[in-house]
Structures are given as C-alpha cells and as structure tokens.
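Number of protein chains: 2
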Amino acid sequence: MNRTHNNGELRITDVNKIVELKGWVAKKRNLGGLIFIDIRDKFGITQIAVKPDNANYEVANQLKNEYVIQVKGKVIERESKNKDLPTGDIEIDCIELKILNTSIQPPIIIADNTDALEDTRLKYRYLDLRRPCMQKFFITKSKITQAIREYMISQDFLELETPILAKSTPEGARDYLVPSRLYEGEFYALPQSPQIFKQLYMIAGFEKYFQIARCFRDEDLRADRQPEFTQIDVETSFLNAEEIQTIIEGMFKHVFKKILNVDLKTPFRRISYEDSMDTYGSDKPDLRFGMVLFDCANLFNHIEFMAGGAIKGIKVENANSYTRKNLDELTNLAKKYKAKGLAYLRYQNNELSGSIMKFLDEAKQKEIISQLNLKEGDLILITYGKLKIVQISLGALRSFIAKKEGLLDPNRFEFAWIVDWPVFEWSEEDNRWYASTHPFTAPKDECLQYMKTNPEKCYANAYDIVLNGYELGSGSLRIYNQDVQKLMFETLGLTDEDIKNKFGFFTEALKYGTPPHGGIGMGLERITMIMTNTDNIKDVVAFPKTQSARDLMCESPSSVEEKQLIDVHIDVRKS
Amino acid sequence: MNRTHNNGELRITDVNKIVELKGWVAKKRNLGGLIFIDIRDKFGITQIAVKPDNANYEVANQLKNEYVIQVKGKVIERESKNKDLPTGDIEIDCIELKILNTSIQPPIIIADNTDALEDTRLKYRYLDLRRPCMQKFFITKSKITQAIREYMISQDFLELETPILAKSTPEGARDYLVPSRLYEGEFYALPQSPQIFKQLYMIAGFEKYFQIARCFRDEDLRADRQPEFTQIDVETSFLNAEEIQTIIEGMFKHVFKKILNVDLKTPFRRISYEDSMDTYGSDKPDLRFGMVLFDCANLFNHIEFMAGGAIKGIKVENANSYTRKNLDELTNLAKKYKAKGLAYLRYQNNELSGSIMKFLDEAKQKEIISQLNLKEGDLILITYGKLKIVQISLGALRSFIAKKEGLLDPNRFEFAWIVDWPVFEWSEEDNRWYASTHPFTAPKDECLQYMKTNPEKCYANAYDIVLNGYELGSGSLRIYNQDVQKLMFETLGLTDEDIKNKFGFFTEALKYGTPPHGGIGMGLERITMIMTNTDNIKDVVAFPKTQSARDLMCESPSSVEEKQLIDVHIDVRKS
Chain A
14 MNRTHNNGEL RITDVNKIVE LKGWVAKKRN LGGLIFIDIR DKFGITQIAV
64 KPDNANYEVA NQLKNEYVIQ VKGKVIERES KNKDLPTGDI EIDCIELKIL
114 NTSIQPPIII ADNTDALEDT RLKYRYLDLR RPCMQKFFIT KSKITQAIRE
164 YMISQDFLEL ETPILAKSTP EGARDYLVPS RLYEGEFYAL PQSPQIFKQL
214 YMIAGFEKYF QIARCFRDED LRADRQPEFT QIDVETSFLN AEEIQTIIEG
264 MFKHVFKKIL NVDLKTPFRR ISYEDSMDTY GSDKPDLRFG MVLFDCANLF
314 NHIEFMAGGA IKGIKVENAN SYTRKNLDEL TNLAKKYKAK GLAYLRYQNN
364 ELSGSIMKFL DEAKQKEIIS QLNLKEGDLI LITYGKLKIV QISLGALRSF
414 IAKKEGLLDP NRFEFAWIVD WPVFEWSEED NRWYASTHPF TAPKDECLQY
464 MKTNPEKCYA NAYDIVLNGY ELGSGSLRIY NQDVQKLMFE TLGLTDEDIK
514 NKFGFFTEAL KYGTPPHGGI GMGLERITMI MTNTDNIKDV VAFPKTQSAR
564 DLMCESPSSV EEKQLIDVHI DVRKS
Chain B
14 MNRTHNNGEL RITDVNKIVE LKGWVAKKRN LGGLIFIDIR DKFGITQIAV
64 KPDNANYEVA NQLKNEYVIQ VKGKVIERES KNKDLPTGDI EIDCIELKIL
114 NTSIQPPIII ADNTDALEDT RLKYRYLDLR RPCMQKFFIT KSKITQAIRE
164 YMISQDFLEL ETPILAKSTP EGARDYLVPS RLYEGEFYAL PQSPQIFKQL
214 YMIAGFEKYF QIARCFRDED LRADRQPEFT QIDVETSFLN AEEIQTIIEG
264 MFKHVFKKIL NVDLKTPFRR ISYEDSMDTY GSDKPDLRFG MVLFDCANLF
314 NHIEFMAGGA IKGIKVENAN SYTRKNLDEL TNLAKKYKAK GLAYLRYQNN
364 ELSGSIMKFL DEAKQKEIIS QLNLKEGDLI LITYGKLKIV QISLGALRSF
414 IAKKEGLLDP NRFEFAWIVD WPVFEWSEED NRWYASTHPF TAPKDECLQY
464 MKTNPEKCYA NAYDIVLNGY ELGSGSLRIY NQDVQKLMFE TLGLTDEDIK
514 NKFGFFTEAL KYGTPPHGGI GMGLERITMI MTNTDNIKDV VAFPKTQSAR
564 DLMCESPSSV EEKQLIDVHI DVRKS
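For the record, the sequence lines run as chains A and B. Here the first sequence stands for residues 14 to 588, numbered as in my numbering. Here the second sequence stands for residues 14 to 588, numbered as in my numbering.
It is worth saying that the hints were derived from the structure and are not from the lab.
Repeated chains share a single entry, so a pair holds when one copy, or any two copies, can fit it.
In the DSBU-like style, the derived pairs of lysine-lysine whose C-alpha atoms are separated by at most 30 Å in a straight line are:
hint, residue 1, residue 2
1, Lys156, Lys271
2, Lys524, Lys111
3, Lys524, Lys149
4, Lys576, Lys587
5, Lys371, Lys338
6, Lys524, Lys499
7, Lys156, Lys270
8, Lys457, Lys111
9, Lys40, Lys524
10, Lys353, Lys401
11, Lys513, Lys587
Remember, it's a predicted structure, so these values are computed and weren't measured experimentally.
Can you make the complete structure from the sequences, with help from the hints?
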C-alpha cells in the first residue's frame with residue numbers, strides 16, 4: 014500500500030477521494046465509541062475517524078502516541094471544522110488501518126511546546142527533532158544552503174572540496190588532533206577553516222572557489238559556539254575588496270528574497286572599524302536603532318576621577334521609569350566590560366539629577382542640557398577612561414538597553430560591512446602582537462612600511478559582514494607576496510624554524526606566480542539563527558554537542574578499546 | 014585595471030575592441046625582436062604581441078613562465094592563425110603590461126603532458142592543478158555534485174548535515190580517533206559513513222534526506238581508495254526498494270544528461286547477486302560485453318581432477334593469436350584468484366586442441382563442439398572446484414580479456430542493480446559471521462526464521478548499483494524493528510554489553526515509532542572517475558593522500574607540540 018498524499022495537503026476539494034496516508038499517531042481521542050486519530054508527518058496533520066462498527070476499530074483502539082501507521086480511507090467533510098489546521102475542513106473515514114511500528118511512551122511531548130529539559134531533548138534528539146518547530150529550523154537551513162549554492166554557481170564559482178584530515182598549525186584556536194596509524198607519533202589535525210587550502214586553489218588558478226565547509230575548533234564553548242560548525246567559504250582571484258563584497262551582497266539578496274521574501278537594499282553600508290567602535294562601541298554594531306555614542310569630554314573633564322582619558326556617553330530616551338535598581342544593573346554591566354564606573358544624569362521636570370551632580374555648577378548644567386539637546390525623560394550614561402574600554406562598555410549598555418526596550422525588530426535586517434581593520438592586536442597578557450584575524454590578511458600597501466616598527470599603525474583590506482549586532486563573516490584580501498608573508502610571520506614572533514615547520518609548504522607555494530586574491534568565510538549557523546529568529550545555536554545543529562562538547566545522545570566522546578590506541582601508537586596519560 | 018574578458022573567449026568578431034586580461038605567462042617567444050606571450054587562465058589561452066617599439070617591451074622581455082600579469086590591448090586579427098586554439102584567430106596588440114607577481118622556475122611543466130613523477134606532482138599540487146587537464150577533472154566534479162543536488166532537491170529531499178565528531182563503533186573498518194580535551198581518556202571518532210545519523214533523521218521524521226558527506230576509513234589504501242572520501246548519502250522513509258532505486262535512476266539520468274549529454278535508459282537491469290555471480294563471476298559485472306560464464310560440468314566431470322565441484326567456462330572468440338605465453342598468463346591470473354587450475358580448449362581448423370585433450374574421446378569432442386557451439390578461433394577457458402572460486406576466477410579472466418581485447422568502450426554506460434544480497438558472510442579466518450554490508454540491513458521477512466539457525470539462508474532487500482564493472486554504491490532497506498536489530502547484533506556475536514556500549518542509544522531510538530526506511534550511499538569519486546574516464550582516484554581529489562596516507566604537500570601527518578598532547582591527555586606510546 015503506497016501513500017497517495019502527505020498529511021498536510023488534503024482539502025475540502027478532495028472530498029470523496031480514496032486516499033492512503035502514512036505517519037505517526039500524534040493524538041488519539043475516544044469520544045463515546047468514535048475514535049479520532051491525528052496522523053502526523055513532516056508536512057502536517059490529518060484527522061482519521063474510526064466508527065465503532067468499523068472493521069479496524071480494534072486496531073484503532075490499540076493505537077498509542079507515536080505509533081507508525083498506514084491508513085486507507087475516504088476523504089469526507091468534517092462536521093466541526095478546525096480552522097487552526099490546513100487540513101481542518103476534512104477527515105478520513107477509515108477503510109484500512111495497519112500498524113507499521115509501535116512506540117513506547119516518549120519521554121518528551123512531540124509538539125512545538127515542550128517542557129522537557131534541554132538535556133532530555135538532546136538525549137532523545139530524534140524525538141525532539143520530530144517536533145514541527147524543530148523540523149522547520151532544518152528545512153529552512155537546508156533551503157538557505159541551497160539558495161547560497163544556486164547563487165554562487167550562477168556567479169561562476171566552483172564548489173571545491175578541501176581535506177578534513179589536515180595539518181596542525183596551532184595559531185589561534187586549539188586544533189583537534191587525529192593520531193596517525195602509519196606514522197608513529199605523528200598527527201593529522203581537523204581544519205579550523207579551509208584557509209590555506211582555498212588560497213592554494215587560487216594559486217592553482219581556480220579563480221572562484223566556494224565551499225559549504227565543516228570547520229573545527231577545540232575551544233571552551235560559549236552558548237553560540239559548537240566544536241564543529243559550517244562555514245560558507247569563498248575565495249577569488251584578481252578582484253578587489255569592493256568587488257568581493259558586491260558578490261556577497263548579491264548572495265544575501267538572493268537568499269533573503271528566496272527564503273524570507275525580503276528585499277535587501279544593496280550596497281550595504283560600509284563603516285570603518287574605528288568609526289564603528291567610536292559610534293556604536295562595537296565592531297559588530299546593531300544598526301536597527303540609534304542611541305549612538307557621543308563624545309562629552311569637554312563637559313566632564315573638569316571632574317578629577319573622570320579626566321585623563323576618553324569620556325563618552327549614550328542617551329536613553331523616555332527613561333523616567335528607570336529605577337535605582339535599573340541603574341545599578343547598568344553600572345554592573347559597564348563594570349563587567351571593565352569600565353571604571355558609570356556616571357549618569359537624568360533630565361526630569363527641566364532639571365538634571367544623577368551621580369555627578371555635585372561637580373556640576375549651574376552654568377555647566379546649562380551647557381550639558383544644550384550640548385546634549387536634552388529632553389524630558391532623557392537619561393545620559395557616561396563612561397570614562399581608556400578609549401577602547403569606554404567604547405566597549407557603552408556598546409554593551411547600548412545593546413542591553415535596546416533589547417530591554419524592545420528596539421530589536423526581528424523582521425528588520427540591517428547589514429553593514431565593517432572595513433579597514435587593524436592588522437594586529439596587542440596582547441597585554443602574552444606581551445606580543447597577534448593577527449587580528451589570521452596571518453594571511455594583507456596589510457594595505459601604504460602600511461607595509463610600519464610592519465616592523467609600528468604594527469599598531471597597520472590597517473588591512475579586511476572586511477567583516479555584520480547583521481543586527483552579529484558578525485556573520487570575516488574576509489580580507491590576502492598576502493600574495495612571499496616577502497610580505499615572511500614579514501607578517503616574523504612580526505607575529507614566529508621563528509624561521511616555526512615558519513618552515515608550520516607554513517613552509519605555503520611560503521614555498523607563494524613563489525610560483527601567486528595571483529592577487531581574497532575572500533571571506535561566513536557562519537552558516539549564525540545566518541540560519543538570524544533568519545529563523547532563534548538565539549540558540551542548537552536549534553540549527555541537528556545533532557549538537559553540549560557546552561562541554563558532549564553528544565548526549567550517542568554518549569560521545571567515549572572510551573575505546575585498548576587495541577585501537579595501540580594501533581595509533583598512543584596511550585592515555587596518567588594524570 | 015579590471016579584466017574585461019577571460020583568456021578563452023575572444024574571437025575574430027572582437028577585433029578592434031580594447032580589452033583587459035589577467036593570467037599566467039604560459040609561454041614567451043622572442044621572434045627577432047617581436048615578443049609573443051601566451052597568457053593563460055582557467056578558461057584558456059590568448060596570445061599577446063609586443064613589438065620592439067612598444068613602451069612595454071622591456072617589461073615583456075623580463076617575463077618568465079608562470080609570472081602573473083595584466084594586459085591591456087587591442088584585439089587584432091592574427092597573421093598566422095592557430096586552429097588548435099579557440100582564440101587562435103586573434104591576438105592582442107599590447108597597450109599596457111603589468112607584472113602582478115613573479116615566479117621562480119616551476120619544478121613541473123604546466124601543461125596537459127607532464128613527465129613529472131607522481132610524488133613531485135603531489136608535493137607541488139598547486140602547480141599540478143594548474144594543468145588544464147587537472148582543472149577539468151575538478152570543474153566536472155563540481156558540476157556533477159551540483160547536478161546531483163539539483164535532482165535530489167527537485168525530488169523533495171533535504172540536504173541535512175551529520176556530525177564529523179562522532180562516536181567510535183568499530184565494526185568493519187578502523188576508525189580515526191580524536192582525543193577529547195574535556196574528558197580524559199575519551200575519544201571521538203570520524204564517521205565511516207553517516208549511517209546511524211541518517212537513520213536517526215528517519216526516526217525523527219524527516220522522510221527524505223540526502224547529503225554529500227565526507228567519510229573516513231583508516232584502512233590500508235588500495236590504488237582507488239583515500240582515507241577520506243565523499244559519499245552521496247541518501248535515506249528515505251516509507252518507500253520500498255524499487256521506489257528508492259527509481260529515485261536513484263532518475264538522479265543518474267539527470268546527471269549523465271547534464272554533464273555528458275548521454276541519455277541513460279531506465280529502469281536499469283536488475284540482477285540478483287547469485288545470478289550475477291553465476292553469469293559474470295562478479296558482484297559488480299561489466300555489462301558492456303558478453304563472454305558470460307556457462308556451466309559445463311556434464312562435459313568434463315568424467316575427468317578426475319576436475320570432478321567433484323563446479324565446472325564452468327567462458328568462451329573467447331577470435332583467439333587464434335593467443336600464444337602459449339598468453340595462456341600461461343591467464344592461468345596465473347586464475348590461480349591468483351585461488352582457482353585450482355585453468356583448463357583450456359581451442360577450436361582451430363575444425364579441430365579441438367588444448368590442455369585436456371587426452372581425456373576427450375571423439376564422441377566427447379563432438380559433444381563439446383556442439384554443446385558449446387564452437388566456431389573457428391574460439392578459445393574455451395574452464396575452471397573447476399568450489400563454486401565461488403570458479404565464479405570469481407572466471408570473472409577475473411573475463412574482465413582481463415575484455416580489457417586486453419579493447420571491449421571496454423568508455424562512452425558506453427551499462428548500469429545495473431545487483432539485488433537480493435546475502436545478509437551474512439562467513440569468515441573462515443575469524444570463524445564467525447560478518448554482516449555483508451553493515452548490521453542495519455534488513456533481512457527479507459521470509460528469512461527472519463533462519464537468522465539464528467541458518468544465517469547463510471538469509472537474504473536481504475539490499476541493492477548495489479554497478480556501472481561498467483565498478484560498484485558505485487550500496488543500499489538496502491533497514492531494520493526498523495528493535496527485536497530484529499537485537500537478533501542481528503547477536504548473530505554477529507556482539508554481547509549484550511557490546512550492544513549497550515556501542516549501539517545502546519540506537520536500539521533505544523528504535524523503540525519510539527521508527528518508520529520503515531531505507532537508502533543508499535554512493536561514492537562521488539568513483540562516479541567522477543568513470544564520468545571523466547580516469548582510473549586514478551587522485552585525479553579527482555584535489556589534495557589527496559598517498560597510498561601510505563601522507564599529504565606530501567602539507568607534510569601531514571606531522572609531529573605536534575608536547576603541550577597539544579598534554580591538553581588532550583595522550584602520550585605517544587614507546588615502541
């Protein structure tokens with residue numbers, strides 16, 4: 014018996030048809046002898062009716078939730094229609110009913126609303142994924158992926174594979190290692206990204222590469238990270254940064270139109286890294302709302318404890334309802350981002366009040382009200398000290414308040430390119446320079462002179478794409494000159510020995526006519542999360558790991574047989 | 014300066030256009046002052062002409078092979094046209110010439126014909142991949158992949174991801190292990206295939222899954238194997254084997270039409286495993302030629318050393334030129350496949366001759382000529398003994414001779430489904446039963462009764478797809494009943510403890526309304542090899558490993574820092 018229809022498609026126009034359905038028992042009700050069964054598949058739910066005199070009544074009576082059944086029957090009009098269900102005008106008068114498989118009582122409710130704990134959902138992930146809301150996440154993710162492919166291929170890109178069994182080059186995040194069986198004491202590593210391989214594709218002349226590529230990082234996980242994730246990986250030869258950005262804008266335009274029927278306006282805004290930090294206190298600004306940072310050093314640098322560094326503020330409008338407790342909360346948040354403190358001023362009934370009033374004489378107050386253009390209900394939040402800390406702490410307050418005030422419309426999509434990034438970042442902790450992204454990012458030509466002497470003056474043709482406060486991806490033009498690449502490695506403190514061992518083959522490759530090239534890598538999960546309006550990455554990874562990198566369903570990682578360890582020449586270290 | 018055209022597209026109709034090109038110097042010739050440069054990119058080659066009075070003459074003179082250049086110039090008609098080149102009617106009169114990057118002398122010739130050793134090609138893979146013939150392999154592979162996706166998506170399949178950091182379940186091939194940092198002494202494993210996860214997708218109700226999935230096997234490599242490879246992985250619910258096969262036939266029809274413009278006839282032939290062995294001596298028969306096996310026990314079982322088992326033969330036509338040396342070669346081949354010996358008979362000038370003539374009286378000879386319908390020049394090759402060995406050795410002879418005789422037309426594509434496979438295989442070596450494919454293959458209902466007592470009588474709803482003597486993929490209906498799954502594991506000798514540790518979560522999952530399901534996994538590299546007519550898997554893997562699982566370019570695997578080993582709680586074993 015074959016299925017004639019899925020469980021989401023029968024309508025009143027199908028009345029009198031003989032149909033055959035398959036699926037899971039979502040609900041069974043026995044109404045004084047008459048049995049109603051909701052049969053569910055990924056397309057929807059259809060109601061089956063079995064009358065007491067029906068030959069299948071006994072079978073129907075045995076059914077429990079999540080039994081797999083097949084049903085043959087006649088489509089009839091329902092007496093009491095269900096307007097919440099696309100198939101709610103009809104039901105199936107049962108002719109044949111067969112149980113394909115049974116089910117014991119599931120530990121979680123198979124419906125959009127579930128009260129199951131996350132650990133239970135992860136352990137029984139195959140049941141959790143039966144819930145219609147979960148199915149939608151993965152259906153959408155699959156469609157996003159294909160829309161990306163469609164577009165990239167339409168732009169003459171080739172999808173090309175790169176190895177998963179790669180080489181360990183521990184710069185940045187920690188590698189996952191794979192011990193080799195044939196070479197005692199040697200290891201493969203899972204790639205943190207296909208960076209080097211995609212650049213080699215450019216050196217090999219492929220010109221336009223993309224890949225929906227799995228990447229791996231053995232890092233302590235945050236809520237929005239997974240040990241393995243999927244990157245939309247792109248690399249091109251002979252194009253400049255604007256041209257690469259235009260391709261990616263076209264990709265998002267296509268994807269948002271196709272999946273959400275949203276028309277994105279292109280080109281996206283370009284904001285320099287320094288401007289973004291200065292205006293939004295973030296390198297991934299949420300542009301759905303204002304509340305921009307302003308400089309107010311001239312108003313407050315007479316106050317001793319605020320003076321000597323940057324002084325900046327943001328203005329919260331209609332903030333009369335903010336209590337002392339709210340302000341304490343904001344102060345704690347600012348301090349979490351290392352601000353020395355949070356000064357605030359409120360403007361109510363034409364009067365200023367707040368934490369620094371005793372330092373403000375009447376003239377100063379007037380100057381503040383005028384310069385900051387204060388209106389009834391305005392609240393000014395001010396941080397001071399080191400510029401970067403002032404920016405970041407205000408940026409955090411800005412985001413926190415926007416969320417609290419409901420300014421984050423999930424149906425608005427404000428893209429931007431953050432451009433002109435510093436090439437290097439100084440680590441106080443390690444007392445050395447690190448690459449802001451990775452050591453293949455090309456410094457701008459005019460900055461090359463500073464590489465050795467003033468790394469902080471080096472800016473790159475690097476560009477992040479941001480959306481609604483999230484970084485979607487990070488790209489740059491790459492170094493294609495072997496001498497610049499060597500200079501870069503040296504600035505990062507790599508010895509000749511290090512360079513040879515880790516990147517020898519790559520610096521060698523650069524010698525053979527490497528074309529100018531650049532690209533970008535973007536997080537598929539992040540994009541899917543925003544497009545499906547969830548903030549839990551586990552909603553878009555079908556079989557995720559917990560925050561401690563465990564698969565609760567498979568119970569992995571797990572111990573293995575001694576023989577397996579012997580085969581690959583390793584031993585568990587005694588701790 | 015931006016490119017206006019690629020290097021493969023300019024034609025006589027473009028004459029007088031001012032164009033801008035980028036690419037690599039493929040060749041430079043200095044003809045008495047006039048310099049000709051061939052500029053190459055992945056699209057083709059265009060000739061640049063630089064006259065002695067040209068302002069760019071000095072730059073042109075500096076050029077060496079594989080320099081990256083950009084050229085602006087006017088398209089002019091060539092004096093002596095090159096018919097071998099699509100752009101051979103024109104050349105570019107140089108206006109501007111700029112060197113984008115230099116190159117040292119490449120260690121291999123960048124052209125279709127190269128005399129470089131494979132090790133050199135692999136070490137400088139980025140140069141090897143610049144060769145036009147290599148580019149074509151990967152362009153085709155990329156197109157095949159996308160054609161597969163197009164078709165599967167058109168059939169309502171979702172492409173869904175499965176984890177690479179999975180669990181070790183060592184049944185069959187050896188797992189690659191990944192030590193865990195957070196769980197001392199525990200390991201992830203790279204998946205040998207997404208088998209369990211795709212079945213869990215079915216249990217989760219996704220119904221139609223596919224994935225172009227990376228798989229990993231730590232096995233000793235044969236010429237056509239790589240440690241990581243790509244599988245076209247498919248799984249469906251509620252369909253029977255024929256329905257699944259029909260979908261896959263549609264897929265190949267689409268792919269072959271799109272890539273090779275070849276119309277495949279569907280449905281493909283179905284041949285049972287036993288028939289295939291009996292007729293072709295192979296479970297992956299090459300159907301482009303006949304030379305089928307025939308039974309001839311009645312003709313020869315009076316000969317003592319041949320009697321007591323199967324006696325089968327094949328007929329080679331027009332074999333008069335076969336020498337004694339040829340026949341010795343065939344005998345050695347038969348023996349390699351464990352045949353006790355090879356008997357042969359030739360029919361020349363209306364007379365039989367050969368190795369067993371002394372056992373054949375005149376009546377017997379007549380019987381042979383008549384029953385085998387012998388014609389001038391026929392050669393009969395006969396093996397005898399254990400049925401399976403008789404079949405396999407003749408199958409090997411059949412393939413060998415077909416290749417030698419040039420019967421293997423690379424432009425013919427003879428697909429077939431080999432169906433009804435035995436569930437189990439007996440291992441003499443280990444004195445136990447193994448699963449012929451994997452332990453999730455469903456025995457046919459009527460065979461369930463034999464599971465415990467007569468495993469050799471169990472056949473499965475399993476199907477391999479074969480093409481021109483290669484196995485492209487292997488599929489089956491799966492076990493969806495938990496008791497059958499348990500019985501299967503027990504037959505394979507797994508203890509309750511084993512089952513619980515390795516597959517506990519999976520047998521648990523089967524309890525919650527598992528739908529009937531089945532699928533297939535097919536090798537993308539194998540398909541690409543046949544479609545691009547190469548027999549070297551390294552031609553279709555961009556960055557392959559050697560037969561000893563080494564990446565000669567990256568020099569991986571490699572030793573790692575002690576700290577990395579400490580982090581993941583392992584030590585290299587002292588040997």
